[in-house]
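Could you build the full structure based on these sequences and the hints that come with them?
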Amino acid sequence: MAASESQPAARGLAVSVRGARRVFRSAGEADVVAVDGVDLAIATGAFVAMLGPSGCGKSTLLRMIAGLDGPDAGEIEFGDGGDAPKNALAYVFQDAHLLPWRNVLDNVALPLELQGRAPSERRNAAQRAIEQVGLADAARRHPAQLSGGMRMRVSLARALVTEPRLLLLDEPFAALDEITRQELDDQLRALWATTGMTVLFVTHSIAEAAFLAERAVVLTRRPARVVLEHALDLPAQRDAALRGDARFARETRVLYEALQTS
Amino acid sequence: MSAAHRRLLEAVLPPAATFVLTTAAAEFGIRAAGISPLLLPTPSAVVRAALQHASTLLPALAMTAQAVVIGLSMSIAVGLLVAIALSTSRWVERAFYPYAIFFQIVPIVAIAPLLVIWFGYGMRAVVAAAFIVSVFPVIANSLAGLLSVDPALRDLFRLYGASRAATLWKLSLPWALPNVLTGLRIAAGLAVIGAIVGEFVGGGGLGVVVLEAMRQQRTDLVFAAVLHAAALGLALFAAVNATSHFALRRWHSQEKDP
Amino acid sequence: MRRFDAPKILLALGIVALLAAVACGGEDAATRAASGRVAIALNWKPEPEFGGLYEAQRSDAFTKRGLQVEITGGPGAPVVQMVEAGKVEFGVAAADEVLLARDRGTDIVAVFATYQTNPQGIMVHASRGLRSLPEVFAAGGTLAAEPGVAYLKFFEKHFDLAKMKIVPYGFSIAPFLNDNTMAQQVFVTAEPIAARRQGADPQVFLIAESGFNPYAAVVITTGARARDESRGVADFVAALREGWRGYLDDPTQANAAMGVLNKEMDGETFRLAAEAQKPLIEDAFAKQHGIGAMSLERWTQLGLQLRELGLIDRPAQPDACFVDAGTPAATR
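Chains A, B and C, in that order, give the protein sequences.
Position in the first sequence (from 1) plus 13 gives the number in the working numbering.
Position in the second sequence (from 1) plus 704 gives the number in the working numbering.
Position 180 (the third sequence) corresponds to 166 in the working numbering; numbering is contiguous.
Hints in this document: simulated from the structure, not taken from any laboratory.
Please read all numbers here as calculations on a predicted model, not as lab measurements.
Every clue listed holds true.
Capping the alpha-carbon separation at 25 Å, the derived lysine to any residue pairs in SDA-like fashion look like this:
1) B:Lys874 / B:Ile780
2) A:Lys99 / B:Pro855
3) C:Lys151 / B:Val813
Printed below as a string of structure tokens:
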């Protein structure tokens, strides 16, 4: 999948998380501290993977960064400071969550529609996004007619259509088979290389984190705290063969051990 | 035989066969048991009465149908608006939902005379009765649909700064469409009942035909009128089903989560 | 006073319930027959139109003839169906219902006609200055009448009802009281009295005066019973006649008994109604042949009228539809 030459490289967005804390209160039950004082600095244009055991709070942290959940304490700032610029964020969920009554093109165009862009502009941008994820033929199909992998690609295209500066992904490929997953990992990494956006990728797959990211942040069991921040010592060009490389095994081992201690 | 023909046959044959067998069993059973025609007429007697009194039954059916369609249209409009209003906040829902339930509980037989006092004899009271009886299922089902919207999609809309109106129009309402149609299915049959009861008091339509036939000891005509009312309900039900099939075919019915 | 009721809806429900009961068999009839008990189903609440029956029950008219009578039924009861199915031995119905039922193939016969003159009428506000039914119809307005009732078809045939808006009668006089232009169906012993007591100025035109005068509050039974148990039927009718004699002479005690069962009418209304209905029950014919007696001429006329109105599909056999009160039934 080739990047479109006419599309200017989107600049990344730095994220600064300081002392973020989130507590879930429910009547009659004990408070659940999901995130307990997390500090995180993500550079502009970085690709960071967040690793942690299931239920540790990494999704909650991601949602806080996205602005979908407010931190109960701490600050989250973007770029040079303050809130995220308008329309700079995009989010990819664990499931594709498409609108079943719209076709692929209209699903992908949705964010632009919500931002009030003109129909022709929306259509063109959506078409480009669909091509970026390799689904050009499926534009007129409906979600019910697509496989799980294709739906996830549509979800990805939808996230890309606004040319986000910060792309947040919450275990997006977890429900897919290994081959499709690796394909999409490849595509995501290539997209990141072309656009220069900041990517924050939550996963509980060590191999995926190692393959995709420049830097991996390992979180503890709930309540989430950072136990390790590790810059991955792997080449910038990553291809499928890398997965069998000794370097790869070494890096995954580091992450694995960090996870064990959490 | 083509696939489409076979499918049509598979859909139509079982209920048609059951209908023929049940009717035949009823015909012979009623005759054999010697049940009086004043108590339970045979199917053939009912058909005869329907044909003999077609000039009374068909205009009456048209009148009842008119009241039902108007009442049902009001139920859809009002029911949907009320459901939208109730879905805006938990407080609103808790405060006002019990009043919506009132429409479900109030026995139409008891308030029909009141409707005639307020709206006068004739079509308006009958439409009011059809509306009152059919609005609650629309409210209840539409509300359930609106409240069941995928939270992740809500988040998505929020993320892109969608207004409440945009979220309602582009997400919640289409999402709730299957539920709205389910409510309509129920409301259609109820609207017919409401109209007939309204006609008992307010006059006109099949309701009066039923009363007249009972007073004149024409039980076969009573059944014929009831059958016409049932056919009306069935036609509406089929219309809702067709709408549902047409509107939701891309969804592949129950599949909401992609 | 008749208040709102939904008799026809109850009628429909009654028929359904009856169907269920029929399925369970006629044990009530059998057990009753063994002990000399009979049941009679009324078509309305206990009111002066049934005064003679309650008087007969109150006095020894029934018991001295070895009859124990249970009074049942009420507004909306499917009396004809109940009698035909054997759930009750006797019932009270309108005369035209007898001919209608017979036309549909049911062997029901009349044994006693309470009212020689039909008490149904049309009530209007006297202030309108109308002098006859044709004038009422020419003046237009709303007419509340029981849907399907026979006299209405008679009016439609013999008068011009084009200006009238005919609506179902809900057995409440409230719409009449609130609308000066309204006309409604009445039982002359009931609604006009109630309307007067509520301050209105009712004027009543009896349908009998227009040439349609079926017997009313007719006691019916099955043709089989009239033939096979003619002695029992004759005893019942004789007792009933005795009860009516007593009620016409002094309705006080029977009214009190009915007043307990029907709380919607007060004592004064009972008294006024009982008084108003006397000439309708005991006219020259009844004085000569006995209260409740019927004539072939009247049934023949009714049969011809119903046939003319299209309410019965075949010619009536007037001699088969009634058994002259007090005389044992001849083989018919």
